[in-house]
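Those protein sequences? They're chains A and B, same order as listed. At position 28 of the first sequence (counting the first as 1) the number is 28 in the UniProt record's numbering, and the numbers step up by one without a gap. At position 43 of the second sequence (counting the first as 1) the number is 43 in the UniProt record's numbering, and the numbers step up by one without a gap.
Hints are not guaranteed to be accurate.
Stated by the list, open to error - Straight-line C-alpha distance at most 27 Å; calculated DSS-like pairs for lysine-lysine:
#1 B:K157 with A:K95
#2 B:K50 with A:K150
#3 B:K89 with A:K50
#4 B:K157 with A:K44
#5 A:K150 with B:K18
#6 B:K44 with A:K149
#7 A:K50 with B:K18
#8 B:K70 with B:K95
#9 A:K50 with B:K95
#10 B:K89 with A:K18
#11 B:K157 with A:K149
#12 B:K70 with A:K50
Unchecked claim - Over the 10 Å line for every Cβ pair with chain A, so calculated as not near, a few chain B residues:
#13 G32
#14 S40
#15 P64
#16 E80
#17 L96
#18 L109
#19 H140
Quick caveat, the hints were computed from the structure, so don't treat them as lab data. Where is the CB? At the ideal position from N, CA and C, for every residue including glycine.
Protein chains: 2
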Amino acid sequence: MSTKFKGNLDETDLFIIKRLCEDSNTSLASIGDELNVSPSTIHKRICRLKEGGIIERFTILFDPSILNLKTIAFIGIELERSALVGKKKDEVISKLLSMQEVLEIHETLEPFDLLLKLRTENVDFLREIIGDISTIEGVHTTNTILTTKKILETPLKYETIKDLGDIRRG
Amino acid sequence: MSTKFKGNLDETDLFIIKRLCEDSNTSLASIGDELNVSPSTIHKRICRLKEGGIIERFTILFDPSILNLKTIAFIGIELERSALVGKKKDEVISKLLSMQEVLEIHETLEPFDLLLKLRTENVDFLREIIGDISTIEGVHTTNTILTTKKILETPLKYETIKDLGDIRRG
DNA sequence: AGTGAAACGTTCATTGA
DNA sequence: TCAATGAACGTTTCACT
Numbered sequence: 001m002s003t004k005f006k007g008n009l010d011e012t013d014l015f016i017i018k019r020l021c022e023d024s025n026t027s028l029a030s031i032g033d034e035l036n037v038s039p040s041t042i043h044k045r046i047c048r049l050k051e052g053g054i055i056e057r058f059t060i061l062f063d064p065s066i067l068n069l070k071t072i073a074f075i076g077i078e079l080e081r082s083a084l085v086g087k088k089k090d091e092v093i094s095k096l097l098s099m100q101e102v103l104e105i106h107e108t109l110e111p112f113d114l115l116l117k118l119r120t121e122n123v124d125f126l127r128e129i130i131g132d133i134s135t136i137e138g139v140h141t142t143n144t145i146l147t148t149k150k151i152l153e154t155p156l157k158y159e160t161i162k163d164l165g166d167i168r169r170g
Numbered sequence: 001m002s003t004k005f006k007g008n009l010d011e012t013d014l015f016i017i018k019r020l021c022e023d024s025n026t027s028l029a030s031i032g033d034e035l036n037v038s039p040s041t042i043h044k045r046i047c048r049l050k051e052g053g054i055i056e057r058f059t060i061l062f063d064p065s066i067l068n069l070k071t072i073a074f075i076g077i078e079l080e081r082s083a084l085v086g087k088k089k090d091e092v093i094s095k096l097l098s099m100q101e102v103l104e105i106h107e108t109l110e111p112f113d114l115l116l117k118l119r120t121e122n123v124d125f126l127r128e129i130i131g132d133i134s135t136i137e138g139v140h141t142t143n144t145i146l147t148t149k150k151i152l153e154t155p156l157k158y159e160t161i162k163d164l165g166d167i168r169r170g
């Protein structure tokens, strides 16, 4: 479903991904040195990983506070019964997707139907957004969990990359 | 609190950050072209942004499914009254930080004391982790919100970077 | 998967605004 | 103080092996 990558990821691929996660400015030569292969091999591997959709893009992590988005909240949404499936649900989701403050949308079973993660400048803006969400047709109730302090927020702990185990794909 | 950056971020800085978010392999020269400044200026800006902690690091986004971490869950934790502040709370948090599956930890007010986000390979592993968490001294109850489908998951919508407004810092 | 060479990008000391 | 220049150096890319 998620990738069009052909073949298996081997140890080399995973090592490359890990090194690039740590620092995507690392030169191909130095990655090659660590693996005892040539830079051009690393280059070809990275191209393949990009084409296969394994590597989405090269990017930077930056301090979100420069955007003044200091308020993080989670919102549980219960949908109206008529919006639990089909077109009406799709419409709810597409409206949520179009909101810049909405960073995550997950389907859940209990106690909500959808769980969102949002970032806003402050609590007043958050209130506005919640207002917008609750007036979306098909949204029955919203339940806000306002966070007061972020202790950890990381996309993935890439240290995990090392178990080459059964990473197979068709 | 969060950065040691001296001075203000100007339009140029924000443009650089946005371009690097989109593609951190963009050459300094081509960013410079778009801003009508020289590559060396871009270079110095990026150095300054790195040193100031605005740019955390250069990295890649990759498909998490290669790590077989397909299960996303959120866990609300209520702490025992004795662990609501101080050393005991710090110990709970440091145990949570050390768990590879725990990707986010937020303090909240209601209805939980802490909200976690986790990724695991499958629901069985999740159950194990929940077991581990619930036996941490100071954890009173855990409430799991299991997600069934990820619709959106993005660290930040960097398209937001453009309002140069009142982005001031001391 | 490696080699080697050309093209390209980065870095920095120097100079000027 | 900040940006531009230009040259030295390092990296990427690609045709060929």
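Evaluated hints:
1. Restraint check: the Cα-Cα separation between B:K157 and A:K95 comes to about 15 Å, which is no more than 27 Å; the hinted pair holds.
2. Of the pairs offered as hints, the one joining B:K50 and A:K150 holds, with about 22 Å between alpha carbons and a cut-off of 27 Å not exceeded.
3. Annotation: proposed proximity of B:K89 to A:K50 is violated, straight-line Cα distance about 43 Å (limit 27 Å).
4. Note on B:K157 and A:K44: the hinted pairing is violated, with a Cα-Cα distance of about 30 Å set against a maximum of 27 Å.
5. Straight-line distance between C-alpha atoms of A:K150 and B:K18 comes to about 24 Å, which keeps the hinted pair within the 27 Å bound.
6. At most 27 Å may separate the alpha-carbon atoms for a hinted pair to count; B:K44 and A:K149 exceed this at roughly 33 Å.
7. A distance of roughly 21 Å separates the Cα atoms of A:K50 and B:K18; the hinted pair therefore holds under the 27 Å criterion.
8. Under the criterion of a C-alpha separation no larger than 27 Å, the hint pairing B:K70 with B:K95 is consistent with the structure, at around 23 Å.
9. Distance restraint check for A:K50 and B:K95: the Cα-Cα separation of roughly 36 Å exceeds the 27 Å cut-off, and the hinted pair is therefore not satisfied.
10. Restraint check for B:K89 and A:K18: the C-alpha separation of about 32 Å exceeds 27 Å, so the hint is violated.
11. For a cut-off of 27 Å, the pair hint linking B:K157 to A:K149 stands: about 21 Å separates their Cα positions.
12. Proposed proximity of B:K70 and A:K50 is supported: the alpha carbons are some 21 Å apart, at most 27 Å.
13. At roughly 17 Å from the closest C-beta of chain A, the C-beta of B:G32 stays outside 10 Å, upholding its exclusion from the interface.
14. Consistency note on B:S40: stated as away from chain A, and its beta-carbon is indeed over 10 Å from all of that chain's, at 17 Å minimum.
15. Not every beta carbon of chain A lies more than 10 Å from that of B:P64, the smallest distance being close to 6 Å; the non-interface claim is violated.
16. Remark: the non-interface label on B:E80 is consistent with the geometry, its nearest Cβ contact in chain A lying 18 Å away (cut-off 10 Å).
17. Against chain A, the non-interface label of B:L96 is violated: not every CB pair exceeds 10 Å, the least being about 8 Å.
18. Against the 10 Å criterion, B:L109 falls within the reach of chain A, whose nearest CB is about 6 Å from its own CB.
19. For B:H140, the non-interface assignment is confirmed: its Cβ lies about 17 Å from the closest Cβ of chain A, beyond the 10 Å cut-off.
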